[in-house]
Amino acid sequence: MKRGWLLALICANLAALLALVFIYPHLMVSPGAVVSGHAEIATDCFACHAPLRGASAQRCVNCHVVADIGLRTTKGAPLAQRKLKTSFHQELIERDCMACHSDHEGPKLTQRSRKPFSHGLLRPAVQDRCDSCHVKPADKLHQNLAAGCAQCHKTQAWKPATFEHEKHFVLDRDHNVKCVTCHVNEDYRRYTCYGCHEHTLQNVRAEHEKEGIANYDNCVECHRSADEEPGKRGGREGGESKSRERKKKH
Amino acid sequence: MQAKLLRREVLPFMLAFAALALLALLLDALLHVFNVVWIGRYLGIPGTLLILLSFVYSLRKRRLVDFGQPAVLLRWHQRMAWFGSLLVLVHAGIHFNAILGWLAVWAMLVDVGSGLTGKYLLDRSRRRLEQARQRMRQQGLSAEELEERLYVDSLTFDVMKQWRAVHLPVTLVFAVLALAHIVAIFLFWGWK
Chain A
1 MKRGWLLALI CANLAALLAL VFIYPHLMVS PGAVVSGHAE IATDCFACHA
51 PLRGASAQRC VNCHVVADIG LRTTKGAPLA QRKLKTSFHQ ELIERDCMAC
101 HSDHEGPKLT QRSRKPFSHG LLRPAVQDRC DSCHVKPADK LHQNLAAGCA
151 QCHKTQAWKP ATFEHEKHFV LDRDHNVKCV TCHVNEDYRR YTCYGCHEHT
201 LQNVRAEHEK EGIANYDNCV ECHRSADEEP GKRGGREGGE SKSRERKKKH
Chain B
1 MQAKLLRREV LPFMLAFAAL ALLALLLDAL LHVFNVVWIG RYLGIPGTLL
51 ILLSFVYSLR KRRLVDFGQP AVLLRWHQRM AWFGSLLVLV HAGIHFNAIL
101 GWLAVWAMLV DVGSGLTGKY LLDRSRRRLE QARQRMRQQG LSAEELEERL
151 YVDSLTFDVM KQWRAVHLPV TLVFAVLALA HIVAIFLFWG WK
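Residue numbers (this note's numbering), protein chains in the order written: chain A, 1 to 250; chain B, 1 to 192.
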């Protein structure tokens, strides 16, 4: 008899708990609070989720009309300032909201609530037009550059930049210096090799004239690294390097 | 006597429970170190299947199925339920928010604790019964007298009956909460 009462009590408690699931689904079932803009629909799971199929992009665009994203509110009121970085939604190749957006705050210790944007979702023509979403950095380095962003940066992340200085000149142990040593006033269109005490106009001139070389203004045209014989790649093949010769003399 | 009790009965119980907690923490840490926490999200599935499979013993005991030896199935019940709980615990470590899921995890831990208690109550009962049998044989009792006296000792098994009265409702609570959690996941999760 006692056991029957115990079982009935347990069943009643379980029924109460299950009732709470329906009354407070945002606490009992939700994996985290929804973003503040969705606070009104926090208890209406099916506003975003299709039964047995998860969050549905179709339900997102029922409120967020694609043509209006970044331009107008969900109620149709124009946004005071056009948001450069959100108005690209019209240029997406497919409608997959969840590829970037996670409405629920993820567990704080394990994941970010917002997933990183993938440039692969943009139409190819837009992928090459970085400035349609991004503003060029205002520093001297970027203001002076005419080349496309892709020469140094990848779409996965702005940093680290992937500019390969080695293609132009190898920054070896002897050339591990600040950028301004060679690129005076941070002007990356120009460089000078006379920025350090090792190279002076006088000794460079003397050495080149001895070899019968008159045009030595553009050093990297012949010297791609300090360890390389002029005019040859992979300098070690060409015998002793100049820097080694210099070291031997000392 | 107290040291023996501690070594034989309390310590193994504590160790099995502590091993469960420590291994769960270790696996969780490994998932984080190798940046594969997403695996933990899916460990709930094999964990649940193992726990479900462990119930073959319960079916055999109630003669709802007639394959396997109960003693062997009991060992597998203990092992599979323990390992399944470990996987579910790691899975639970990945999700921190929904109350329903947490209630199911706590119910599972209480169930594991209850299961381990039952395991050691059973071992103890068996040991005591065997000791009593040997003692009586040494006293030179006849087979009839032995049976009569052992009947009294077999009442130690009553403690198992009482334990079952607790273990079954705890398992019921765990089963209902886990089922509700699973239904909620199927209802809202996008399986892509």
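Hints in this document: simulated from the structure, not taken from any laboratory. Here the structure is a predicted model, which is why all the values come from computation and not from measurement. Do not take every clue at face value.
[As the list claims (entries may be wrong)] A few chain A residues that don't get close to chain B, going by computed Cβ distances all over 10 Å:
#1 C45
#2 H49
#3 H104
#4 E105
#5 H223
[Said to hold, decoys possible] Straight line, CA to CA, 30 Å or less: simulated DSS-like cross-link-like pairs of lysine-lysine:
#6 K140(A) / K154(A)
#7 K136(A) / K167(A)
#8 K154(A) / K178(A)
#9 K61(B) / K2(A)
#10 K2(A) / K161(B)
#11 K2(A) / K119(B)
#12 K140(A) / K159(A)
#13 K161(B) / K61(B)
#14 K136(A) / K159(A)
[Unchecked claim] To spell it out: a stretch of chain A is covered by chain B in this simulated footprint if at least three of its residues, at any positions, have a beta carbon under 8 Å from a beta carbon of chain B; those stretches are:
#15 181 to 188
#16 201 to 215
A virtual CB, placed ideally from N, CA and C, is assigned to each residue, including glycine.
(request) Starting from K2(A), check that the Cα of K119(B) is at most 30 Å away, please. (result) Holds, at roughly 25 Å.
(message) With the threshold set at 30 Å, check whether the alpha-carbon distance from K136(A) to K167(A) stays at or below it.
(response) With a Cα-Cα distance of about 24 Å, the restraint between K136(A) and K167(A) holds, given a limit of 30 Å.
(request) Say whether it holds or is violated: H49(A) keeps its Cβ farther than 10 Å from all Cβ of chain B. (result) H49(A) not clear of chain B: closest Cβ-Cβ about 5 Å, inside 10 Å.
(message) Against the 30 Å threshold, does the CA-CA distance of K140(A) and K159(A) hold or violate the hint?
(response) Status holds; Cα separation ~17 Å.
(message) Does H223(A) clear chain B by more than 10 Å, comparing its Cβ with all Cβ atoms of that chain?
(response) holds, 43 Å
(message) If we take the beta carbon of E105(A), is the closest beta carbon in chain B still more than 10 Å away?
(response) Label violated. Min Cβ-Cβ 8 Å, cutoff 10 Å.
(message) Tell me if the straight-line CA distance from K2(A) to K161(B) falls inside 30 Å.
(response) holds, 14 Å
(message) Checking one constraint from the list: CA of K140(A) to CA of K154(A), max 30 Å. Satisfied?
(response) Roughly 20 Å between the alpha carbons, so the hint for K140(A) and K154(A) holds.
(message) Next pair to validate is K161(B) with K61(B); report whether the Cα-Cα distance is within 30 Å.
(response) holds, 14 Å
(request) May I ask you to check that C45(A) keeps its beta-carbon over 10 Å from the closest beta-carbon of chain B? (result) violated, 6 Å
(request) Below or equal to 30 Å on CA atoms is what counts here, so check K61(B) against K2(A). (result) Distance ~24 Å between K61(B) and K2(A) Cα, so the pair holds.
(request) Measure nothing beyond the straight line between the CA atoms of K154(A) and K178(A); if it is 30 Å or shorter, mark the hint as holding. (result) holds, 24 Å
Going down the numbered hints, you'll see the structure goes against 1, 2, 3, 4, 15, 16, while the others check out.
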